[in-house]
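Asks: One letter stands for each residue in the lines below.
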Amino acid sequence: MTGKEYRTITDVKGPLVFLNKTEPVAFGEIVSLRLSNGTIKNGQVLDTSDDMVIVQVFEGTAKIDREAGVTFMGDVFKLPVSEDLIGRILDGAGRPRDGGPDIVAEQYDDIIGAAINPYSRRSPHDFIQTGISAIDCCTSLVRGQKLPIFSASGLPHNDIALQIARQAKLTGSDEEFIVVFCAMGITAEEYNFFRADLERTGALEHAVLFVNLADDPAVERIITPRLALTAAEYLAFEKDKHVLVIYTDMTNYCDALRQIGAAREEVPGRRGYPGYMYTDLAMLYERAGLVKGKKGSITQFPILTMPGDDITHPIPDLSGYITEGQIVISRELHQQGIYPPINVLPSLSRLMGSCIGEKTTREDHKSVSDQMYAAYAQGRELRGLVAIVGEDALNERDKQLLEFSGVFEDKFLRQSRDEDRSIEETLDLCWTLMSAIDTKYLVRLDQKWIDKYHPDNRK
Amino acid sequence: MKNEGLIYRISGPVVTAIDMKAAMYDVVRVGTEGLMGEVIELHGDKAVIQVYEDTSGIRPGEIVVNTGETLSVSLGPGLLTQIYDGIQRPLPTLEKEMGVFLTRGVDADAFDLEKIWTFEPQVSVGDTVVGGQVVGHVQETDTIVHKIMAVPGMGGVVKSIESGDFNVTQTICTFEDGSDMQMMQKWPVRTPRPYQQKYPPVIPLVTGTRILDFLFPLAKGGAAGIPGPFGSGKTVTQQSLAKYSDAQLVVYIGCGERGNEMTEVLDEFPHLIDPNTGKPLMERTVMIANTSNMPVAAREASVYTGITIAEYYRDMGYDVALMADSTSRWAEAMREISSRLEEMPGEEGYPAYLSTRIAEFYERAGRVETLNGEDGSITVIGAVSPPGGDISEPVSQGTLRIVKVFWGLDAGLARQRHFPAINWLNSYSLYPQSLDQWFRDKIAQDFPEVRVELSGLLQIESELQEIVQLVGSDSLPADQQLTLEVARMIREYFLQQNAFHEVDAYCDIDLQYKMAKAILSFQEAAKNAMASGAQLNDVVNVPSRSDLMRGRLNKGYIDIIDDMVKTMCEEIAATVEEN
Ligand SMILES: Nc1ncnc2c1ncn2[C@@H]1O[C@H](COP(=O)(O)OP(=O)(O)OP(=O)(O)O)[C@@H](O)[C@H]1O
Ligand SMILES: [Mg+2]
Chain A
29 MTGKEYRTIT
39 DVKGPLVFLN
49 KTEPVAFGEI
59 VSLRLSNGTI
69 KNGQVLDTSD
79 DMVIVQVFEG
89 TAKIDREAGV
99 TFMGDVFKLP
109 VSEDLIGRIL
119 DGAGRPRDGG
129 PDIVAEQYDD
139 IIGAAINPYS
149 RRSPHDFIQT
159 GISAIDCCTS
169 LVRGQKLPIF
179 SASGLPHNDI
189 ALQIARQAKL
199 TGSDEEFIVV
209 FCAMGITAEE
219 YNFFRADLER
229 TGALEHAVLF
239 VNLADDPAVE
249 RIITPRLALT
259 AAEYLAFEKD
269 KHVLVIYTDM
279 TNYCDALRQI
289 GAAREEVPGR
299 RGYPGYMYTD
309 LAMLYERAGL
319 VKGKKGSITQ
329 FPILTMPGDD
339 ITHPIPDLSG
349 YITEGQIVIS
359 RELHQQGIYP
369 PINVLPSLSR
379 LMGSCIGEKT
389 TREDHKSVSD
399 QMYAAYAQGR
409 ELRGLVAIVG
419 EDALNERDKQ
429 LLEFSGVFED
439 KFLRQSRDED
449 RSIEETLDLC
459 WTLMSAIDTK
469 YLVRLDQKWI
479 DKYHPDNRK
Chain B
414 MKNEGLIYRI
424 SGPVVTAIDM
434 KAAMYDVVRV
444 GTEGLMGEVI
454 ELHGDKAVIQ
464 VYEDTSGIRP
474 GEIVVNTGET
484 LSVSLGPGLL
494 TQIYDGIQRP
504 LPTLEKEMGV
514 FLTRGVDADA
524 FDLEKIWTFE
534 PQVSVGDTVV
544 GGQVVGHVQE
554 TDTIVHKIMA
564 VPGMGGVVKS
574 IESGDFNVTQ
584 TICTFEDGSD
594 MQMMQKWPVR
604 TPRPYQQKYP
614 PVIPLVTGTR
624 ILDFLFPLAK
634 GGAAGIPGPF
644 GSGKTVTQQS
654 LAKYSDAQLV
664 VYIGCGERGN
674 EMTEVLDEFP
684 HLIDPNTGKP
694 LMERTVMIAN
704 TSNMPVAARE
714 ASVYTGITIA
724 EYYRDMGYDV
734 ALMADSTSRW
744 AEAMREISSR
754 LEEMPGEEGY
764 PAYLSTRIAE
774 FYERAGRVET
784 LNGEDGSITV
794 IGAVSPPGGD
804 ISEPVSQGTL
814 RIVKVFWGLD
824 AGLARQRHFP
834 AINWLNSYSL
844 YPQSLDQWFR
854 DKIAQDFPEV
864 RVELSGLLQI
874 ESELQEIVQL
884 VGSDSLPADQ
894 QLTLEVARMI
904 REYFLQQNAF
914 HEVDAYCDID
924 LQYKMAKAIL
934 SFQEAAKNAM
944 ASGAQLNDVV
954 NVPSRSDLMR
964 GRLNKGYIDI
974 IDDMVKTMCE
984 EIAATVEEN
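Line by line, the protein sequences give chains A and B.
Be aware that the first sequence starts at 29, since it is given in the numbering used here, and climbs by one per residue.
Be aware that the second sequence starts at 414, since it is given in the numbering used here, and climbs by one per residue.
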């Protein structure tokens, strides 16, 4: 149903258009605006009443005047989905960007997405091996988890995300992940980097890309991740695929949200972001997981850059409150020339406990991970102390731990961009590195694992 | 005006209706799909409604029907083991009706109305029954007898009373004045259920978590706030309390948090055994799950739905514990609705009535004499999620003004993997005075003194640490170095407790006391030995001390701890001779 065209715009403010005297318009309805020069823009109803309708325009309101014609499309925003999506590149509003044909829809799915009934979820427990030691050992990823990368500008989060996308696999299974990639306001250069890498490795054939770049309309970013997640849900829960959703950069998404809030003159929350940003982000992040009766899964890797490297900034803060842990990228490690510069100390995988151990990774995994973490944490802390009291003031144990913290960064964290370590290799590496510390200081290692895995006992 | 009106405006979860007779908090049906909503503001001829389901696609001009009822919960046998959304719709029923995704417009009974329960009358014909009085019993689960009570404000002289098998809608009692009652009753969620009087809290809620029971005890009928930044352990702590605390019933509200966390509880609870009764935990639990991505208006309601259910079981004379994770998400739901109403905001955009609502909620906690003359209690434990972990914000402050127990989670401790990451220096409980008699009578005469001694040692440690930071620990005198060792033992052996460890996750209160005493015995033995010339290093490193400390991870520790302490003290004494 396409209704009649109205020319009743009263106000235009920021990304919003206000109009009056229309037929009843639905909340959330899709709107088409025809400008006097013939350009078509799209929008969505944010507020509707008998007297006034507020429309949020995705492409920005440039050139919109009171003469523009407004048509209400009779339905909420839906994405045409089918398996043809795989291998395609679409723009931030879901239109082909690769010169290919329109998607032939098997069905049209509402992009807002309904919440998964908590009773209908299945607990995630399949370990995903990323081949990156820091992640596999210390913040193990689980299929169906939402684990963001907290980064900052100028850090190699994209490389890490791509490396994960390339290498992620279930141990003992050759099931492939379908990558759904969602770009929000990133630069053309960054995008080309992603695309070239996906092309190089052939992953593009198993990927769907939704792309909104820095010079694309900012407000469109509000819908881009919703399109990506709608595609992901279709592929996971209708077509039994295991989907890895990478979206970057959440910071640009939140800024678009702030822009709309400001235009609506809403009471701003912290740092000017809307008070409902937690709920809004949850509507994205919670679209991860596994559900009863369906084989597929959605694993999410949102990437965000922390403004001012500040983890208490509302964007990382609210994200951390919703996601199941976080991987924190460190500027300090990056400056030391370490790739991947993952700071394991503030990083956390809350679902780790459910996916590691004898049946999935290895019996000593938990013990090793705890010990690596503790030794590194203590070593790092000693660096501060040494700066004050000097290395000579340290006792034997502290000297070994201090030394270990350097080795941890150099040998354990550091690996090349195409180095794909198996979990066995990672854990063996941990044992080799820890053997530089006297066993009596390795209090978190169970004796039975020391007997079995310590290099001294393995020879 | 009539009971029907038309939609005038839709803005997210807030819908305005015109031409409809409405009173505050009336429940209405919105739009052709009949979405459930509640009147929250009246404005001339307009009624402002918060809608409990997604409003996309609804249009002005659609119908709104006022049911004339207020937002209520259904109360009766069948509540236990259920999992509800924020407005008491059972999630399993919604799954049956909608599939795995929550769509909208489905109504569902709170529990099975057809199920037959065996009703045993407790009153006879001719008795006078007053509101809140128990008229009969139903065995709801293996452990819980569900007491059927006259609705507060109702009652009369019993004309007839049934006995035997009935469903919850069948009449089981009639009164001389012509009124009657069924096993199911309704109660408006925003109205606290009445009781006779509030008692002072004198019995602790024993949680099995050492730092809580020993240092910062919570009373049955008390209220506690757990603020902490993300990932610091609010949910793990709340879940531990739900599992192990000695409440008879637990209402667990997942309010605006993760879906997977509720799944985890659902997977785990049916297989876990309540250490206090030996029965599956699920049998004493009611769950409410309105996750972060479910409608915010229903999130706002979820807290009230939960506490009303808790009050109902309290009125039967039970000790109920209610966990709300997280109250910040509830406050944010209020903020979101308030901003749609274009209300004048208070601090940080929250409505000006935020602190009143928080206070009213926690006031529904308490140990009371019920209308039936029994003792019942509700203990409320609310998680708070302050932005950036900074508790100077309105929800934390509003909570701290009213609760008497503050369990402050600390990002630094969590990062050190010291769990539970409760900061022992800034947390507090105002209950010890009123609970000490119980601890003296039930656990040990010197229990309060032992507590004071432990917290004193931790206090001294933090002062010594400042010096150590500057000069290193080696330059401290031996007695102070010993104090640091003792404090470390308190932290690593006593305060740290892994919530996922099969044995250590729950620690019996008697064992807690023995462990605390073991630390003091160590201190005593070490002091004596060192006074006779023993070296700190030798004293600290006696093997039996690490045996003692590790022993807590094994079953049956309580039976051998006394012997282990004895051995340790002997070994420490022996270090004197070595010199
Ligand atoms: N008592 C504990 N024992 C062992 N591990 C714990 C304990 N408390 C917390 N943890 C660890 O910390 C992680 C985070 O805890 P939790 O999920 O309770 O945080 P939270 O405060 O609820 O965070 P959020 O506000 O984001 O929900 C857990 O996944 C677990 O690894
Ligand atoms: Mg939590």
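In short, the hints are calculated from the structure, not lab data.
There could be a bad hint or two in this list.
Interface residues of chain A toward chain B, partial, derived using beta-carbon atoms under 8 Å [claimed, not checked]:
| # | residue |
| --- | --- |
| 1 | Thr76 |
| 2 | Tyr367 |
| 3 | Val435 |
Listed next, the in silico BS3-like pairs over lysine-lysine satisfying Cα-Cα at most 25 Å (straight line) [what the hints assert, rightly or not]:
| # | chain 1 | residue 1 | chain 2 | residue 2 |
| --- | --- | --- | --- | --- |
| 4 | A | Lys197 | A | Lys267 |
| 5 | B | Lys968 | A | Lys394 |
| 6 | B | Lys979 | A | Lys267 |
| 7 | A | Lys49 | B | Lys968 |
| 8 | B | Lys979 | B | Lys968 |
Even for Gly, the Cβ is constructed at its ideal location relative to N, Cα and C.
Asks: So, for every hint listed, does it hold in this structure?
Replies: Here is what the structure says about each hint:
no.	hint	verdict
1	Thr76	holds, 5 Å
2	Tyr367	violated, 23 Å
3	Val435	violated, 21 Å
4	A:Lys197 x A:Lys267	holds, 19 Å
5	B:Lys968 x A:Lys394	holds, 21 Å
6	B:Lys979 x A:Lys267	violated, 65 Å
7	A:Lys49 x B:Lys968	violated, 74 Å
8	B:Lys979 x B:Lys968	holds, 19 Å
When held up to the earlier numbered hints, the structure conflicts with 2, 3, 6 and 7 and fits the remainder.
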